[in-house]
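Here is what each chain is made of, one letter per residue.
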Amino acid sequence: MSVWDLARTRLDGLPGGEGRNIAFEAVDRHVAHGNGDRIALRFLSSEGAARDVRYRTLALDSNRFANGLDALGVGSGDVVATLLGRVPELYIAAMGTLKAGAVLCTLFAAFGPEPVRVRLAKGHVKVLVTTARQYRRKIEPLRRELPDLKAVILIDEALPGTCSWQRLMAAASDRWRIPATSPDSLALIHFTSGTTGTPKGAVHVHEAVVAHEATAAAVLTLGPGDLFWCTADPGWVTGVSYGIIAPLVRGATSVIDDGVFEPERWYRILHDQSVTIWYTAPTAIRMLMKAGDALARRHDFRTLRLAASVGEPLDAGAVAWGEAVLGRPFHDTWWQTETGAIMIANLPDAPVCPGAMGRPLAGIEAAVVERCGGPEEAPRIEPAAEAGELALKVGWPSMFRGYVDDEARYRAVFADGYYLTGDRVRRDEDGWYWFLGRADDVIKSAGRLIGPIEVESVLLQHPAVAEAAVIGLPDPTVGEMVKAYVTVKDGIAADEALRRDILAAARSRLGAATAPRDIAFHAALPKTRSGKIMRRLLRARELGLPEGDLSTLDESTPVTTSDSTTED
Amino acid sequence: MCADETLDDTATTMDRDALDGAQASRTGALPGVKDRETPMDRDQIPPLVLETLAEVAPEADLEQLNPDVSFHDQLDIDSVDFLNFVLALERKLGISIPEGDYPRLGSLVGATECVSRLLDKNAGATTS
Numbered sequence: 001m002s003v004w005d006l007a008r009t010r011l012d013g014l015p016g017g018e019g020r021n022i023a024f025e026a027v028d029r030h031v032a033h034g035n036g037d038r039i040a041l042r043f044l045s046s047e048g049a050a051r052d053v054r055y056r057t058l059a060l061d062s063n064r065f066a067n068g069l070d071a072l073g074v075g076s077g078d079v080v081a082t083l084l085g086r087v088p089e090l091y092i093a094a095m096g097t098l099k100a101g102a103v104l105c106t107l108f109a110a111f112g113p114e115p116v117r118v119r120l121a122k123g124h125v126k127v128l129v130t131t132a133r134q135y136r137r138k139i140e141p142l143r144r145e146l147p148d149l150k151a152v153i154l155i156d157e158a159l160p161g162t163c164s165w166q167r168l169m170a171a172a173s174d175r176w177r178i179p180a181t182s183p184d185s186l187a188l189i190h191f192t193s194g195t196t197g198t199p200k201g202a203v204h205v206h207e208a209v210v211a212h213e214a215t216a217a218a219v220l221t222l223g224p225g226d227l228f229w230c231t232a233d234p235g236w237v238t239g240v241s242y243g244i245i246a247p248l249v250r251g252a253t254s255v256i257d258d259g260v261f262e263p264e265r266w267y268r269i270l271h272d273q274s275v276t277i278w279y280t281a282p283t284a285i286r287m288l289m290k291a292g293d294a295l296a297r298r299h300d301f302r303t304l305r306l307a308a309s310v311g312e313p314l315d316a317g318a319v320a321w322g323e324a325v326l327g328r329p330f331h332d333t334w335w336q337t338e339t340g341a342i343m344i345a346n347l348p349d350a351p352v353c354p355g356a357m358g359r360p361l362a363g364i365e366a367a368v369v370e371r372c373g374g375p376e377e378a379p380r381i382e383p384a385a386e387a388g389e390l391a392l393k394v395g396w397p398s399m400f401r402g403y404v405d406d407e408a409r410y411r412a413v414f415a416d417g418y419y420l421t422g423d424r425v426r427r428d429e430d431g432w433y434w435f436l437g438r439a440d441d442v443i444k445s446a447g448r449l450i451g452p453i454e455v456e457s458v459l460l461q462h463p464a465v466a467e468a469a470v471i472g473l474p475d476p477t478v479g480e481m482v483k484a485y486v487t488v489k490d491g492i493a494a495d496e497a498l499r500r501d502i503l504a505a506a507r508s509r510l511g512a513a514t515a516p517r518d519i520a521f522h523a524a525l526p527k528t529r530s531g532k533i534m535r536r537l538l539r540a541r542e543l544g545l546p547e548g549d550l551s552t553l554d555e556s557t558p559v560t561t562s563d564s565t566t567e568d
Numbered sequence: 001m002c003a004d005e006t007l008d009d010t011a012t013t014m015d016r017d018a019l020d021g022a023q024a025s026r027t028g029a030l031p032g033v034k035d036r037e038t039p040m041d042r043d044q045i046p047p048l049v050l051e052t053l054a055e056v057a058p059e060a061d062l063e064q065l066n067p068d069v070s071f072h073d074q075l076d077i078d079s080v081d082f083l084n085f086v087l088a089l090e091r092k093l094g095i096s097i098p099e100g101d102y103p104r105l106g107s108l109v110g111a112t113e114c115v116s117r118l119l120d121k122n123a124g125a126t127t128s
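Sequence order for the protein chains is A and B.
Note that the first sequence covers residues 1 to 568 in the working numbering.
Note that the second sequence covers residues 1 to 128 in the working numbering.
Hint data in this document are derived by calculation from the structure and do not stem from the laboratory.
This list has only true hints and no planted wrong ones.
One-sided and incomplete, this derived list gives chain A residues near chain B with beta-carbon spacing under 10 Å: (1) Gly112; (2) Lys290; (3) Ala291; (4) Arg499; (5) Asp501; (6) Ala505.
Covered by chain A, per the in silico footprint, the following chain B stretches (three or more residues, Cβ under 8 Å): (7) 58-72; (8) 96-110.
Remember, it's a predicted structure, so these values are computed and weren't measured experimentally.
No residue lacks a Cβ here, since even glycine has one placed at the ideal position from N, Cα and C.
The shape of chain A in the complex, shown without the other chains (with noise of 0.2 Å):
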């Protein structure tokens, strides 16, 4: 029996063999099976204040959000989107979005409102669950230029043009009989950047739950009465799948913090909430080490049996910071938004190979491949010799299904009957597998892919600004930190308080955590004959690096980084 199928038999399925839908699995059949009482979801405010959802709670009142968006008139296949913080209205949205056989699509808060727009509009939202501050500052003012959301529920007041959450709720009953579900229904959208164009928003089924219980099984070994603490924002594909729906599946608890990221609160958080499973990212560990030991080392961890990471490459330090100082070593992990879930990982029961990424898991063929063939040809790919690009065997359950209305860059992932990652790896002689990078231009910040030509196209709405590019540029703790180059128009004087304005048309167009953090001003950015920007011959300059093959370089155009118009 497949590890696939033995999952299978750990899920119940919905009653009358009527499909499987991911709520179910995750709340109603815990209430069925009489487990009603467990503490499922644990709020933490900033101020340490707990408080505790039960299952049943979850499921009577995902129950009246489902019977909410049937009364708005929302139901199969159509997209609700969230944009909130880490607060319970959220957990509940999404759990009733699934159950009303309807698609859940949660966005960052701290997205800016040209990422919100690009995001509903793409993803053709018809209802969006936010709070009267969102909605004030991203979606008023664009709300005309998004003719598929037909509803938005405020979650704290109720303004003009909007439904009041709470009035929604109390309306609605708390019985609901989930609509027969296929696996192969639609459930999850989750946007992600790539090199070229807007963002992908990657189309996932019901029945890839299937391997968010395997992986919490086999990778993160949750279960009832384990405390989980999954750091990822719900935002995010990993604050989905592990945020919220794997460790429901397994019937744990999760802690859910909803403060701002303090290395002493982290740790008490740790301590007080007898934390078992911790599920964590490079960016954060690498900030609690900056904090220092002796902070570590006030508070005790014993309740602690399993940390992981996730988000980008765990170099070997921190694993060996996590063994001496928390007394476990971290299990770096490696998955994709358009894997659903983890696919290569150290495992909790084998040693950790301190800097890999890990190994395959049970049911997951993983190939080191080239591709090949022209560019108008579908993909083909030939075996690596020794480093190459990650590649996947089709057929795992998670797999996501499609781009929404992109159905040539989905294909153009697939070779073969392999997956295509993006991902440059080395596999080594014991079947460690080792990052490298990524094959395009992707910048990769605080565990975040950031779309280069997202950030570029807001700053050439900027009036000063002739051309502009994006590129990462290698961050001690974050990763890459995103650096924008510009150039400006003809009689433009390129000094610091245009620099200024152009941030901050950036951050308040992108929001902070997509915007550059840093602007320099260039008289020439290096292009390609056909007029390309290549980010790449950018960013090896910028850092003194090779600059590999130049002959699609325009020689016409000065390229060299000295010419900087500012201090930098």
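Use these hints to put chain B onto chain A, whose structure you have.
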């Protein structure tokens, strides 16, 4: 590599200048304040804090800022911004701000008090 997300709000950017500045302060050189004959006047601290904040988040409307309420609750800044703000303060003032004091720097009132205490301490150490 890996899943494209992670924690919401966790990060810092190392600013080379800021690190150099902090380093210099530890070795006794005090860029920014070394030429002052008298310690910085307490009245000068809030404008300096606001100017530093404006460098990191130039879009912020700082005239509306409530000095008692945390920056996080009033401005769209994340922890990378906050760390850049702290490092820039260190560089400008020529002081080293201990990690344990970071939470105190989260509002204008808090930052003013914390900075003034650190400057006093520094001045004491220099004169003794």
